[in-house]
Amino acid sequence: MFDTLLQNLINAMQWGSFYSLIALGYTLVYGVLLLINFAHGDIVMVGSYIAFFVATLFLGHYDLFPVALPGPLVLALTVPLTMILTALVGVTLERIAYRPLRRKGAHRLYVVITALMCGLILENGNLALLGASRKKFPELVDKVIYTAGGVSVTNLKIAVILTAVLVFVGLHLIVTKTRMGMAMRAISYDKFAVPLMGIPIDTVIVFTFVLGSSMAGLAGILFALSYPILDPYMGLSIGWKAFIAAVVGGIGDIRGAFAGGFILGFVEIMVVAFFPSTYRDLFAFTILLIILTLRPTGLFGVPKTTKV
Amino acid sequence: MKLLEIDHLEVAYGSIRALHGISLEVDEGEIVTLIGANGAGKTTTLHTISRLPPPEAPRLTAGDIRYRGQSIVGVEPHDIVRRLHIALVPEGRHIFGNLTVQENLKLATYARRDDDRRPADYDRVFDLFPRLAERRRQRSESLSGGEQQMLAVGRALMSGCTFLMLDEPSMGLAPLLMYDMFRALKKLNRAGMTILLIEQNAHVALQFAHRGYLMDTGAIVRAGTSAELLADPLIHQAYLGG
Ligand SMILES: Nc1ncnc2c1ncn2[C@@H]1O[C@H](COP(=O)(O)OP(=O)(O)OP(=O)(O)O)[C@@H](O)[C@H]1O
Ligand SMILES: [Mg+2]
Chain W
2 MFDTLLQNLI NAMQWGSFYS LIALGYTLVY GVLLLINFAH GDIVMVGSYI AFFVATLFLG
62 HYDLFPVALP GPLVLALTVP LTMILTALVG VTLERIAYRP LRRKGAHRLY VVITALMCGL
122 ILENGNLALL GASRKKFPEL VDKVIYTAGG VSVTNLKIAV ILTAVLVFVG LHLIVTKTRM
182 GMAMRAISYD KFAVPLMGIP IDTVIVFTFV LGSSMAGLAG ILFALSYPIL DPYMGLSIGW
242 KAFIAAVVGG IGDIRGAFAG GFILGFVEIM VVAFFPSTYR DLFAFTILLI ILTLRPTGLF
302 GVPKTTKV
Chain V
5 MKLLEIDHLE VAYGSIRALH GISLEVDEGE IVTLIGANGA GKTTTLHTIS RLPPPEAPRL
65 TAGDIRYRGQ SIVGVEPHDI VRRLHIALVP EGRHIFGNLT VQENLKLATY ARRDDDRRPA
125 DYDRVFDLFP RLAERRRQRS ESLSGGEQQM LAVGRALMSG CTFLMLDEPS MGLAPLLMYD
185 MFRALKKLNR AGMTILLIEQ NAHVALQFAH RGYLMDTGAI VRAGTSAELL ADPLIHQAYL
245 GG
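Protein chains in written order, with this note's numbering: chain W, 2 to 309; chain V, 5 to 246.
Worth flagging that the hints you see were computed from the coordinates, not collected in a lab. Relax, there's no trap hidden among the hints.
Here are the simulated lysine-lysine pairs, DSSO-like style, with alpha carbons at most 30 Å apart:
1) K110(V) <-> K178(W)
2) K144(W) <-> K158(W)
3) K110(V) <-> K192(W)
4) K158(W) <-> K136(W)
Some residues of chain W that are not near chain V, with every Cβ distance over 10 Å (derived):
5) F66
6) L110
7) L117
8) S134
9) G151
10) T164
11) T279
12) L293
13) L295
From the three backbone atoms N, C-alpha and C, an ideal C-beta is built for every residue, glycine too.
With the sequences and hints as input, model every part of the structure.
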């Protein structure tokens, strides 16, 4: 009994880590721009595909790079390259879709609809370019299973959980300690006064998208390593869930996104532990709805004032 | 020497014109005040100088703004601060309430390139407003209105400005604090700071400034030295309650 509980906790932490990594991206962009970037889940999907192509390139699948490097080295190259390329996708989206609307002072509703459309374009663009066949992400590191009593955990799960925690700590340091972080917090409170401090707003916004999208890329790699079948719609469900996790935590607050992701992970796994797995999403979302009814601003959210 | 020259400036919010060809000048080392009724276009003028994008500032439709002889119409708002050292203390303060006092001041230094002058500027701010030094670690949204105004001015100084524009810095301040604020501004001016000030209280403003402009519905209707304006019957009647 205790072993099952512990096993469930570990699984919950793994899913919580995915949700957290993605929720952090939602919350950063929202905190700075008050924009719910509904394309974010699809950016995770793009991250997985970028990781797939980078990894298979270094595994020597294409004529462009005819040597096969060893798996761990491929992983070490795939992580930074995927993060950089995914960040580029996020920044491009900001540049061509969101910035023109911001310049024109468009109402937030139009920006949100634009974000939804961007997501659809990413999904269908992928479908058009690569076809409907699914991709199988290569295995880059050998799976190691550690067992203690009746509980087992893979090296991959440990890596996923550690990454989420490290990313959160790093992000927290960036937001609280660096110049850019301070400028991000300033924008979230009063966008009007930021240029009056000599700070270019667009630079801060691009930086925010770089952070959010590179984390989406990281989540994409880790997800592909854990669940190696890729398809163009893989970002949808996990993206929506991460968004809800961010809202439950208090959107705009990075502690909230981190906590919200893990809460969602735990709720889901616990539902499955006691009920048929088809009940998972129904129960999980009902519980989250109850949390939101009790605390409409989310767990860490305060009405207006601080975000990020 | 002419620092700022506004030349037949016309601006509009959408299709509604807000400034109908105003001209004004500020010389280096001067204190100049803009007075006028609510809605006259005073804030609009300062926002246009700061080159804030719409919707904050309206679109410039005609005329020119020159600073040190060069047109600044195409300059980005952050470069107005960073390169030209023109700072605006906006109406309503707009301090970053989620940051501490210290962080607000520090944020304003980020765009600066002259690292060596920063310590002296901190000293100057804390010397002018000792209360800010006491409350350095406090979240700035918990400051009193007067302290927030000091912070808004202090923040502008930390940006390294040499030309300071203030939009109703005395708003909401008790008389005693208001005089403190003006004393501080006077001290800055004696040390070389050029000041362009919007003020509701025409009497106080004209006692403090060297020269002034009276605005009404998007136009400048009087210009002159403070003494001339104080003696002007129109101003006397409409703004000085006599
Ligand atoms: N964002 C805006 N959109 C449309 N019209 C505006 C905007 N801001 C100001 N106006 C209009 O422009 C005119 C000038 O306004 P402005 O704020 O410059 O006046 P002001 O002299 O600063 O007044 P106050 O003393 O009340 O601060 C007013 O008629 C106002 O209604
Ligand atoms: Mg005004």
